[in-house]
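Asker: Next come the chains, spelled out residue by residue.
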Amino acid sequence: MIEFTDIHKAFGETVAVGGLTLSIPPGEVFGLLGPNGAGKSTTIAMTVGLLRPDSGTVRIDGGDPADPAVRARLGVAPQSLAIYDDLSARENLLFFGSLYGIDRAAAGKRAAELLDLVGLSDRARARVKTFSGGMTRRVNLACALMHDPAIVLLDEPTAGVDPQSRHAIFEIVRSLRDQGRTIVYTTHYMEEAQKLCSRVGVIDKGRLLALDTVDALIREHGGDSVVRIERAGGEERTQTAEPVAVLQQALASGDAIGVHVERPDLETVFLNLTGRSLRD
Amino acid sequence: MREIWALAVKDLKLLIRDRAGLFFTFFFPILYAVFFGVIMGGMGSSEGREGTPILVIDQDHSKASEAFVASLEADSQLRITRSEDRAEAETLVKDGKQTAFVVVPGGFGDSSKTIFKGEPIRLIVGVDPSHAAEAGLIQGLITAKAYERLQDLFMSPASARQMARDAMAEVDKTSDMSPVQKTIMKSFLGSLDSFMKDMPAAGGFGGTSGEGGGAGFNPIQIETVDLATDKSGKAMNAFAITFPQGIVWGVMGCTAGFGISLVSERNKGTLTRLQTSPLSRSRVLLGKALACFLATVGVAVLLLVVARLFFGVHPQSLPMLALAVFCVAVAFVGIMMLLSTIGKTEASSGGIGWAVLLVCAMFGGGMIPLMFMKGWMVTLSNFSPVKWSIYAIEGAVWRGFTFDKMLLPCGILLAIGVVGFAAGSRLFAWSEG
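Quick note, the sequences are listed as chains A and B, same order. Reminder that position 33 of the first sequence reads as 549 in this note's numbering, one-by-one numbering, no gaps. Reminder that position 294 of the second sequence reads as 484 in this note's numbering, one-by-one numbering, no gaps.
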């Protein structure tokens, strides 16, 4: 269980996090959604004990993340590719494993498993500097898992990766979810949050604007769907809370040559909540 | 401890895999030591500066020797200290506390009066082997002073006439010369006496210079004492003197490299990642410090092995050498910690780091011998870790320091290391928030 209770963090005059209260139960894949500068990374930094909140508390299974024993339960894949380019993928994994006191034999076995998981077994002994961005990102993720943490924090894990690696990372996250781990997934890609997260917190300017399941957020903040009906004379757009009924009507009229339904998504949710796009 | 060791091994792997860094850390110092070793092997002369500290032992206590020592004292290029104990003077020079010593042996005054008999004026000079490049200069200065004394004799008609008469008396008494030689010499000295009689009391030869002495006439003889010897009295080679400097250059390369690596880790995010592990910040820094320490020791050992195998350098004391290398490594680990907190980027950290280290090298005698520096610069050199590092390694390699003598440089180096590490860690913690 991760619990944030009314945490505040400011850097000079800039408020990075202002009064965040949130609980993430074990086994949940929680998405922290917000644009760059929203306060996601600061929240992660306080979760892992890198930063102390100015006020409020962060608790990991009831413990303070400043406590090394508490931090040992966390696996962190930072947004920056925080691995060593001049070491091989395997050496990186063994090194990060050694920081958690894993003995060499167990670390070797675990490294092999993880390299298999991230699809890099055949490049295990190649130096990371020879890898593509996506491969490096996968090693970055694997390093967070070396000590088999119960809670995994993934900070923008797909930033700048190719579609193949993005897909591989999605599969890894699903696999971790199936193993019952708690995952905090920060992103500004709404489709990732929609695909992977059971609950999403929308954060902007350090404030939690909304918190719920993806469907509930869309229902509550997404607004109406848009139904586009193509006819010989042109396209008709209808904004409606009952898209199925509008579709049935259009099809019954017999002159529709094409229909398209645009459902609201998290991007729409964010737009409606903040008045601007996620990527602004 | 295992985690700290893992951090250190990781850093050493990264160091070894950085070829450019490896070159400047390990091979550049060898080039440096060899280059200067070859130059110093020729014991060439160089230009001087004021204030070279020299001990003078006057064993003659004659008017002439007193006048000679006074003339040395009057020279602004020399900083003369009188001593009565030649053995102590040799030790002080060998310990690097004085640049040279000059012994004015008994008979100096008498020799000054009888130069025409063929007895040269003797002086004994010993120069700190680490100042080999300046040895020629020091000997030249002392020779010039001795010649000035000789010139003074001729400048004064009265003393020149007295010298001529003394010499004629010596010629009469000696059995080393044939009657023909005696006649020629007495004729010459008599003419000189008559010539001087008509000269004004002051002015003498009026400062005119002749065409130089006749072939083979060398009235001043400088005997040099070789201080660069090992315990058995065997001469040390020039590389024994240059390799300590080479080692310190290698150590500086290591220090700069590790200082940059910490900044690099901070900017890349790996440092943040390390701090999310159960390791405390101080243990993360200890890991970096251990890697720097091991690399520094590795550089020193490698250079010493090269010096031993390829350049015939035989350290006088291995335990003292181990102590010196340990203390040098500790000092530069502390410096690395400080340097790593200065720059924000790798480029700025590297630039600032090398600038600081080069200043330390300049003032510490790593580039220019200390004797060429002004007095205040020499005083400032006491604050340079380079000076104490070279001094400690020299102490073990060829100065023959005992443990007592190693205490000063080693104590200073350890203090630099501890203070640097503490201050660097604090600054680092502060900069990391």
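Mixed in with the good hints there might be a few duds.
In silico contact screen, one side only, chain A against chain B (beta carbon under 8 Å); selected entries [to be verified]:
id : residue
1  : D602
2  : F611
3  : S614
4  : G617
5  : F686
6  : L724
Just so you know, these hints were derived from the structure itself, not from any lab. Predicted, not measured: the structure shown is a model, and the values here were computed from it. Note that beta-carbon positions come from the ideal geometry of N, C-alpha and C, so glycine has one too.
Asker: Run every hint past the structure and note whether it holds.
Answerer: Taking the hints in turn, this is what the structure says about them:
1. Hint status for D602/A: holds, given a least beta-carbon distance of 4 Å to chain B, under 8 Å.
2. Interface hint status for F611/A: upheld, as the beta-carbon distance to the closest one in chain B is roughly 5 Å, under 8 Å.
3. Because the beta carbon of S614/A sits about 4 Å from the nearest beta carbon in chain B, less than 8 Å, this interface hint is met.
4. The closest approach between the C-beta of G617/A and any C-beta of chain B is roughly 7 Å, which is under the 8 Å cut-off, so the hint is satisfied.
5. Taking 8 Å as the C-beta cut-off, the interface hint given for F686/A is violated, the closest approach to chain B being about 23 Å.
6. The criterion of a C-beta within 8 Å of any C-beta in chain B is not met by L724/A, whose closest approach is roughly 23 Å, and the hint is violated.
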